[in-house]
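Participant: Sequence:
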Amino acid sequence: MANSPAWTDEDRRLSAIRDPEFPDCHYTRGCYLGQGGYARVYKVLDRQTGNVHAGKTSPGAVKHLRKEARILRSLNHPNIVKYIEYFEEEDNPPANILVIELCSGGSLQDINNNHSEGLTRKNALQVMLQVSQAVEYLHGLNRFHGDLKPRNILIRTWDPVQVVVADCAEIMHHGHAGKSDDIWALGISLLGMMGQSPHFYKKEERMYPRICATHARNLDRLNPGHEIVRILLRLLEWDHKNRITAPELVKLTVEMMEARSTQDAPKEQMDLEVPEGTRTVEFW
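For the record, in the sequence shown the residue sitting at position 276 is 276 according to the UniProt record's numbering, with numbers rising by one throughout.
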């Protein structure tokens with residue numbers, strides 16, 4: 001059916017099982033990839049081209065999936081997940097599928113989970129640059145994502161690093177603090193890349209943003225001149241009016257990457273001094 005190595009024997013086995021909620025079209029459903037908010041995500045094969053993609057289906061949230069398709073169709077940036085096609089059965093709209101590019105490297109959350117000590121400085125800067133360029137593009141359209149997090153940053157490849165922003169259904173024109181909300185979310189995501197996300201306690205949920213901002217200041221105090229901490233501090237500025245903008249973030253990250261390229265032996269590991277008694281997120 002497909003010669004692509006992305007379409008496996010397990011995909012072929014599953015493709016023989018008919019799912020009444022999967023649309024009757026030229027796409028064949030393969031392995032289940034995960035839950036994407038309101039939608040289930042599967043590997044899908046285009047029988048017309050032999051190409052393998054990811055397909056989001058949402059029988060219970062048709063309008064939401066249509067909205068995401070409409071938004072993705074209007075966007076064109078190398079670091080935003082590529083829209084392929086949207087299809088729903090004319091007489092059975094819940095049988096629908098939003099087809100997007102398949103990012104076989106998983107998500108940034110998967111990478112973070114496997115690097116409890118944090119990513120290398122080089123990789124963290126590469127991810128930050130590419131995501132900030134996507135955010136700069138959205139903000140230039142007077143939009144903001146509204147749900148940036150490691151699970152919504154997908155990995156095309158990790159060597160070299162190529163990432164894309166996904167789950168764009170919540171892209172908005174208005175919100176609590178607008179564009180600076182995305183910047184704050186990038187800061188929380190960077191904490192994860194550094195292996196420094198503070199442990200979350202449900203009873204402290206309302207205080208968690210303040211805990212993160214305080215942790216960033218403490219890291220800056222204990223690690224003077226640390227390039228990644230310097231970015232973190234600008235992202236988690238408590239007053240959203242003073243937070244770094246997406247264009248400024250792109251410029252700062254490029255400058256840091258260029259400075260590293262001129263160093264004989266730039267530091268690679270995070271090598272962070274942390275406040276005594278700090279407990280970060282634990283993964284099992």
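Bear in mind the hints are in silico, worked out from the structure with no lab data behind them.
For clarity, every value in this text was computed on a predicted model and none was experimentally measured.
Careful: at least some of the hints might be erroneous.
What the hints assert, rightly or not - Pairs of lysine-lysine residues, derived as BS3-like cross-links and limited to a Cα-Cα distance of at most 25 Å, are as follows:
#: 1; residue 1: 267; residue 2: 122
#: 2; residue 1: 63; residue 2: 122
#: 3; residue 1: 202; residue 2: 149
#: 4; residue 1: 251; residue 2: 179
#: 5; residue 1: 149; residue 2: 82
#: 6; residue 1: 63; residue 2: 149
Participant: Evaluate each hint against the coordinates.
Facilitator: Here's how the hints hold up against the structure:
Taking the CA atoms of residue 267 and residue 122, the gap is near 9 Å; set against the 25 Å cutoff, the hint holds. For the given pair, residue 63 sits about 40 Å from residue 122 by alpha-carbon distance, which is inconsistent with the 25 Å threshold. Between residue 202 and residue 149 the CA atoms are separated by roughly 19 Å; this keeps the pair inside 25 Å, and the hint holds. Of the supplied pair hints, the one linking residue 251 and residue 179 holds, its CA atoms being roughly 17 Å apart against a limit of 25 Å.
With a C-alpha separation of about 18 Å, the suggested pairing of residue 149 with residue 82 holds against the 25 Å cut-off. Distance restraint check for residue 63 and residue 149: the Cα-Cα separation of roughly 23 Å lies within the 25 Å cut-off, and the hinted pair is therefore satisfied.
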